[in-house]
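A.B. asks: Using the sequences and the accompanying hints, generate a full structural model.
Letter by letter, the chains look like this.
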Amino acid sequence: MSASPMRNPEPDGRGAAVIGKSVMIKGQIISREDLTIDGEVEGTVELQEHRLTIGPHGKVRADIKAREIIVLGNVYGNVDVADKIEIRKDAKLVGDIKTARIVIEDGAYFKGTTDIIRPEPKPAAAAPKPAAVQTAPVTAAAAVTGNATSVEAKR
Amino acid sequence: MVGRDTFRPAMPGPSQPAQISRNSNGLDQFFSSIRDRSGLSILDLAGASQSNITFITQLGHKLYSDDILRTLSTSFGTDDEFLLRQGEPERAEYFLKQSLDYLDDAFDGALVWDTLQFLAPPLLQLTVDRLYRVLRPGAYLLSFFCADEKAKVIPVNSYRIQDSKTLQLAPRGETRPAQFFNNRAIERLFQNFESVKFFLTRENQREVIARR
Numbered sequence: 071m072s073a074s075p076m077r078n079p080e081p082d083g084r085g086a087a088v089i090g091k092s093v094m095i096k097g098q099i100i101s102r103e104d105l106t107i108d109g110e111v112e113g114t115v116e117l118q119e120h121r122l123t124i125g126p127h128g129k130v131r132a133d134i135k136a137r138e139i140i141v142l143g144n145v146y147g148n149v150d151v152a153d154k155i156e157i158r159k160d161a162k163l164v165g166d167i168k169t170a171r172i173v174i175e176d177g178a179y180f181k182g183t184t185d186i187i188r189p190e191p192k193p194a195a196a197a198p199k200p201a202a203v204q205t206a207p208v209t210a211a212a213a214v215t216g217n218a219t220s221v222e223a224k225r
Numbered sequence: 195m196v197g198r199d200t201f202r203p204a205m206p207g208p209s210q211p212a213q214i215s216r217n218s219n220g221l222d223q224f225f226s227s228i229r230d231r232s233g234l235s236i237l238d239l240a241g242a243s244q245s246n247i248t249f250i251t252q253l254g255h256k257l258y259s260d261d262i263l264r265t266l267s268t269s270f271g272t273d274d275e276f277l278l279r280q281g282e283p284e285r286a287e288y289f290l291k292q293s294l295d296y297l298d299d300a301f302d303g304a305l306v307w308d309t310l311q312f313l314a315p316p317l318l319q320l321t322v323d324r325l326y327r328v329l330r331p332g333a334y335l336l337s338f339f340c341a342d343e344k345a346k347v348i349p350v351n352s353y354r355i356q357d358s359k360t361l362q363l364a365p366r367g368e369t370r371p372a373q374f375f376n377n378r379a380i381e382r383l384f385q386n387f388e389s390v391k392f393f394l395t396r397e398n399q400r401e402v403i404a405r406r
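So the protein lines, in turn, are chains A and B. With this note's numbering applied, the first sequence covers 71 to 225. With this note's numbering applied, the second sequence covers 195 to 406.
Simulated from the structure, these hints should not be mistaken for laboratory data. For clarity, every value in this text was computed on a predicted model and none was experimentally measured. Hints may contain errors.
Listed next, the in silico EDC-like pairs over lysine to aspartate or glutamate satisfying Cα-Cα at most 20 Å (straight line) [unchecked claim]:
hint : chain 1 : residue 1 : chain 2 : residue 2
1    : B       : 291       : A       : 166
2    : A       : 181       : B       : 287
3    : B       : 256       : A       : 153
4    : B       : 256       : A       : 166
5    : B       : 256       : A       : 156
6    : B       : 391       : B       : 222
7    : B       : 256       : A       : 150
If you want the ones that stay clear, here's a sample from chain A, every Cβ over 10 Å from chain B, calculated [to be verified]:
hint : residue
8    : 92
9    : 96
10   : 113
11   : 114
12   : 120
Virtual Cβ for every residue (Gly too), placed ideally from N, Cα, C.
C.D. replies: As C-alpha cells, then:
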C-alpha cells in the first residue's frame, strides 16, 4: 500500500470540467466534455454527447440538454436527456424531463412531466466509414457565453 | 403537521409497520379504463417514485408527478393551526396555484391516492373542483379515504404501483385526518363527476374511482 501524495479523483469526475460551489454563471454553457456543476448557473446548458453532474451544492436554473444527467442538487428547468437521468436522494428537480431512462431515488423531489423517448432502432447494417479525413485538432472543450462576457476555455 | 416530509414519522424499530403489498380494485379499475391506449397524460399527486414512473411510462403514457402534501405544508405550515389556515383565501389560492395550476382538460387520469383526506372542507371542495377542470371528460380519478370513523390519527403512505392490480404501501408517518368520509360525503364531494364507484379494502380504506 502506497501513501500517494496525490488527491483521489472525484468519484464522478473522470477529469471533467467543474464549476465550483463558489462560482455563479449567467448565460449559455456548451461543453464538449463531461461537466460537473456545483455552483449556480442560470441560462442554458448543453452537453450533447456528454454527462452532466449537478453536485449537491449545485443550483441550476436552466434548460439542459445532455447525454446523461446526474442530479444531486437543485434544478429548475426542462431537461432533455438522450440516455439516462438519475435524480438522487435529497435532489430537487422542477421541470419536464424527456429521456430514454430515468432513475429516481426515494427522498428525491421531482415536479414535472416524465416523457420517455424510445430510442429509434438502429439500421441493420452500419454504413461504411468514409475515407480518413484530416481534421484540425479540437481545442475548444467548453464554451461559456453570457451577456457581458464571452469566455472560451481551451486546453 | 401535514406534508410528506413533516408528518409525524413512523418510529423505527419492531413496532414500525413494514411495507405491505395489497390488491387494489380501484387501481385495477383505473388501468382498465386506459388499457389499450397510449400517449395519455396521467397526473400522480403523491410524489414521484421510481415504480410509478416506470410502470406508467412503460404503458406508453406521459406521467406528471407532484407531491401535493409537500405543497400543503409549504402553504399552510406544519403546526396545529394547519387545518385552520386552510380557510384563509390567500393561502388557499397560493396552494392551488402551486399544486394544480394546469390547463383545463390537461389530463386523461389522476392518481390522487390518500391526499384529499388531509384537506379541510372549503379547500377540499376547491381542490376537487380544480381536479375536475384539469381532467378531460371521461377521465378517471383514483383516491383513497380512511374508512375507520373512530380513527384519531391515520397512516400516511407512499403508494407504489407494483402492477395494474397491486400496490405497495410504504409507511411515511401518521397524522390527524381533516374529517371522516362516509360514502355519502364522498358522493357529495364528487357530485360534478359523471359516476363514483367505491371499493372497501381489508385495510379499512375506501378506494374511490370517479369518472369525469
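A.B. asks: All hints, please: hold or fail.
C.D. replies: Hints and how they fare:
no., hint, verdict
1, B:291 to A:166, "holds (18 Å)"
2, A:181 to B:287, "holds (19 Å)"
3, B:256 to A:153, "holds (17 Å)"
4, B:256 to A:166, "holds (10 Å)"
5, B:256 to A:156, "holds (18 Å)"
6, B:391 to B:222, "holds (13 Å)"
7, B:256 to A:150, "holds (15 Å)"
8, 92, "holds (28 Å)"
9, 96, "holds (26 Å)"
10, 113, "holds (25 Å)"
11, 114, "holds (23 Å)"
12, 120, "holds (24 Å)"
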